[in-house]
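Using the sequences and the hints given, assemble the complete structure.
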Amino acid sequence: MPRLTRYFIKTALIYLAAAMLLGLLLALRTTIDFPPELLALSPVYFHLFMVGWAAQLIFGMLFWMLPKYSREKPRGHEPLGWAAYILINIGLSLRVIGEPLNATQSELGVGWLLVVSALLQLSGGWAFIAAVWPRVKER
Amino acid sequence: MTRLSVWTVRSALLCLGAGFSIGALMLTQKGAPVDPNVLRLLPLHIELLLFGWTLQLGMGIAFWILPRFSREPRYGDVRLGWAAFALINFGVGCAGAGQWLNAPVSIILLGRAAEVLAVVCFARHAWPRVKATGT
Numbered sequence: 001m002p003r004l005t006r007y008f009i010k011t012a013l014i015y016l017a018a019a020m021l022l023g024l025l026l027a028l029r030t031t032i033d034f035p036p037e038l039l040a041l042s043p044v045y046f047h048l049f050m051v052g053w054a055a056q057l058i059f060g061m062l063f064w065m066l067p068k069y070s071r072e073k074p075r076g077h078e079p080l081g082w083a084a085y086i087l088i089n090i091g092l093s094l095r096v097i098g099e100p101l102n103a104t105q106s107e108l109g110v111g112w113l114l115v116v117s118a119l120l121q122l123s124g125g126w127a128f129i130a131a132v133w134p135r136v137k138e139r
Numbered sequence: 001m002t003r004l005s006v007w008t009v010r011s012a013l014l015c016l017g018a019g020f021s022i023g024a025l026m027l028t029q030k031g032a033p034v035d036p037n038v039l040r041l042l043p044l045h046i047e048l049l050l051f052g053w054t055l056q057l058g059m060g061i062a063f064w065i066l067p068r069f070s071r072e073p074r075y076g077d078v079r080l081g082w083a084a085f086a087l088i089n090f091g092v093g094c095a096g097a098g099q100w101l102n103a104p105v106s107i108i109l110l111g112r113a114a115e116v117l118a119v120v121c122f123a124r125h126a127w128p129r130v131k132a133t134g135t
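Order-wise, the sequence lines are chains A and B. In terms of my numbering, the first sequence has 40 at position 40, counting the first letter as 1, and numbering is strictly consecutive. In terms of my numbering, the second sequence has 118 at position 118, counting the first letter as 1, and numbering is strictly consecutive.
Keep in mind that the hints were calculated from the coordinates and are not lab data. For glycine and all other residues, C-beta sits at the position ideal for the given N, C-alpha and C. It is possible that some hints are incorrect.
Which bits of chain B does chain A cover? Going by a derived footprint, with three or more residues having C-beta under 8 Å, they are [stated by the list, open to error]:
id, stretch
1, 49-60
2, 105-111
Under 10 Å between C-beta atoms, here's a sample of chain B residues computed to sit facing chain A [stated by the list, open to error]:
id, residue
3, Thr2
4, Gly23
5, Leu27
6, Thr28
7, Gln29
Written out as structure tokens, the structure reads:
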């Protein structure tokens, strides 16, 4: 299993645990008084699950299992894969911090965190597509 | 990888790119509001990523890695696979864009029906290939 795949999958597992924990906390909001920042985490919950867990697990598996690019470079453009990993994870982390703050304390002016998060995740997504596209081929 | 898998997986990757692009637009709108209409893209974002990316990728990989038959046609009835590919993309387009553009409900229903038919075609294609290896 390539190192990048291991990073993607282990990070995905951490996001899965975080998403499930956050889901539990959100379910408890009717019985326990939580700070408003926590209650604003619903969109973050979905994205921890779908981007942090599902997409990263799939990315890791695709990077591992897709047909080899060539004998010399079996995984193709590996630096693009690493760029995707780094960009998506920094972008998602910024969203986790920025979205509840922006929703509950907009006077702090942290909206730029979401803009940066969006750009990083967008770049990460397209970097991954560019990394694996040449490997999606007929034998 | 078969030609059907190549087309299906590449189409799934394009849906991923489109879904991420729309998601980035919406997240940017939350952080630096410009046009609230951007947030109306949410159903298209969900449609692209849930059905266009996740479901279609699963179908494409399954066409490729499920056990083959020992005699021709080794990949089973590939026409069903191509029908699933066409229908899922048509369905995502109709249902996703239809919700975004407030199209008549018949367009959205047509998209949903195409998605259901795509899954039926995929299941009919895949069912006989879910078998013990070598049989």
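*Can the hint on Leu27(B) be confirmed by a CB-to-CB distance to chain A that is less than 10 Å?*
This hint holds: Leu27(B) lies near chain A, its Cβ roughly 4 Å from the closest one there, short of 10 Å.
*Report holds or violated for the interface hint on Gln29(B), using the least CB-CB distance to chain A and a cut-off of 10 Å.*
Check passed: Cβ of Gln29(B) comes within 9 Å of chain A, closer than 10 Å.
*At a threshold of 10 Å, is the proposed contact between Thr28(B) and chain A supported by beta-carbon distances?*
holds, 5 Å
*Under a C-beta cut-off of less than 8 Å, do 3 or more residues of the stretch 105-111 of chain B approach chain A closely enough to confirm the stated coverage?*
violated (count 0)
*Check whether three or more residues of the stretch 49-60 of chain B sit with their beta carbon closer than 8 Å to a beta carbon of chain A.*
Result for this restraint: holds, n = 3.
*Thr2(B) as chain A interface residue, shortest Cβ-Cβ below 10 Å*: holds, 7 Å
_Cut-off 10 Å, beta-carbon criterion: hint that Gly23(B) touches chain A_ = Cβ of Gly23(B) sits 7 Å from chain A, so the hint holds.
Comparing the model with each numbered hint stated earlier shows that hint 2 is the single one that does not hold.
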